[in-house]
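Engineer: Chain residues, written in single-letter form:
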Amino acid sequence: MNEFEQKLSRQPLRQVPADWRAEILAAADVNRREVVRAFTSAATIRLRLREIFWPAPTAWAGLAAVWIFIFAVNFSMRDTFPRIAEKSAPPSPKVMVELKKQQLLFAELMGPRETPDADRQKIFSPKPRSERVEILMT
Amino acid sequence: MPHATEIERLYDEHAQPLFAFLLNFTRDEADTRDLLQEIFVKLAREPELLDDVREERAFLIRLAHNAAIDLIRRRGTRERTKENFAAEIISPFATTSDPDEKLFREELAVALGELPEEQRAVVHLKLWEGLTFEEISTALDIPANTAASRYRYGLDKLRGRLRPLYEEIK
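Same order as they appear, the protein sequences are chains G and L.
Under the numbering used here, read the first sequence as residues 192 to 329, first letter to last.
Under the numbering used here, read the second sequence as residues 375 to 544, first letter to last.
Treat the hints as calculated values from the structure; they're not laboratory data.
In this text the structure is predicted, and so the values were computed from the model without any measurement.
Quick reminder that beta carbons are idealized off the backbone N, C-alpha and C, glycines included.
Some hints could be false.
Derived pair list, reagent style DSS-like, types lysine-lysine, alpha-carbon separation capped at 25 angstroms [what the hints assert, rightly or not]:
| hint | chain 1 | residue 1 | chain 2 | residue 2 |
| --- | --- | --- | --- | --- |
| 1 | L | Lys531 | G | Lys198 |
| 2 | L | Lys531 | L | Lys476 |
| 3 | G | Lys198 | L | Lys476 |
Quick list of simulated restraints, FRET-style, between CB atoms [unchecked claim]:
| hint | chain 1 | residue 1 | chain 2 | residue 2 | range |
| --- | --- | --- | --- | --- | --- |
| 4 | G | Ala218 | L | Glu422 | 15 to 23 angstroms |
| 5 | G | Val221 | L | Glu481 | 41 to 49 angstroms |
| 6 | G | Ile236 | L | Asn440 | 28 to 36 angstroms |
| 7 | L | Ala518 | G | Arg201 | 20 to 28 angstroms |
| 8 | G | Arg228 | L | Leu423 | 14 to 22 angstroms |
| 9 | L | Asp426 | G | Val221 | 21 to 29 angstroms |
| 10 | G | Glu196 | L | Ala378 | 36 to 44 angstroms |
Let the sequences and hints guide you as you build the complete structure.
Structural biologist: In structure tokens form, the structure reads like this:
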């Protein structure tokens, strides 16, 4: 270093404001706590899962394998047999005519259907006033 | 997990040089504060960053430098004009009652402000942090030769700018 460089390097720099320390460390601490909390909750979940699965890992693995097998079979069945409703074509006009004929024949064989009294429609026919009085008297 | 006292230790050991570097680089006290906080928040959130670090100071200067560059890029040209204006009035040097020294520090602050940022960063680390070019190359992620040439260019500009005043008060 020459004389000029030494002169420059001897110039004292400003000090970091003292009040920044508390503010910056507080901000850092808030973030640190968040990280610790996230780490703790993740560790708790891991521990819980371990408690559940660790005692009988083979049984859980077997159960998982059975479920996978069921899903696989179900999936392959769905692909092999297409739905009947989707595949069935609409009836042809010939079939429709034949069906109509059969319906008519069936109706003839059964004869006219008797309507029960309760279902019969009541026809309102006004009567002379004198008759109405008779009804009242009887 | 990071311990609160570990962050405090890092702050007590490194906040002052980081502050001086950032203030000289950004020439803005508010930006310097924001960047300093950003660095310590990052360290609190990602403590593993320091796991394999041999030179804490160089690593933290690198973090500071990257954060400052990101800030300047985010701002763009318009804000940079403002920074250049601020460079004339924000001094990274301590105040003094000696009128000659005061004048010299003011001129030095202005001359440093006129340097390109990359030269200013190298000059700062060489003169006021006492780092070698190897250490500067690690801290700023540049080749050592580039660090040396940037220092030479920067120093020549400072010498040319300050020579009359320097000769006068020598």
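Engineer: Work down the list of hints and note, for each, if the structure agrees.
Structural biologist: Tested hints:
1. Restraint check: the Cα-Cα separation between Lys531 of chain L and Lys198 of chain G comes to about 15 angstroms, which is no more than 25 angstroms; the hinted pair holds.
2. Between Lys531 of chain L and Lys476 of chain L the CA atoms are separated by roughly 20 angstroms; this keeps the pair inside 25 angstroms, and the hint holds.
3. With a C-alpha separation of about 14 angstroms, the suggested pairing of Lys198 of chain G with Lys476 of chain L holds against the 25 angstroms cut-off.
4. Checked against the given bound of 15 to 23 angstroms, the beta carbons of Ala218 of chain G and Glu422 of chain L, roughly 20 angstroms apart, stay inside it.
5. Between Val221 of chain G and Glu481 of chain L the C-beta distance comes to about 42 angstroms, which sits within the given range of 41 to 49 angstroms.
6. Between Ile236 of chain G and Asn440 of chain L the C-beta distance comes to about 34 angstroms, which sits within the given range of 28 to 36 angstroms.
7. Distance hint check: the CB atoms of Ala518 of chain L and Arg201 of chain G are about 25 angstroms apart, consistent with the given range 20 to 28 angstroms.
8. The hint said 14 to 22 angstroms for the Cβ distance between Arg228 of chain G and Leu423 of chain L, and at roughly 20 angstroms that hint holds.
9. Under the hint 21 to 29 angstroms, the C-beta atoms of Asp426 of chain L and Val221 of chain G, about 26 angstroms apart, fit the expected range.
10. Checked against the hint of 36 to 44 angstroms, the C-beta distance between Glu196 of chain G and Ala378 of chain L comes to roughly 40 angstroms, which is consistent with it.
Checked against the numbered hints above, the structure violates none of them.
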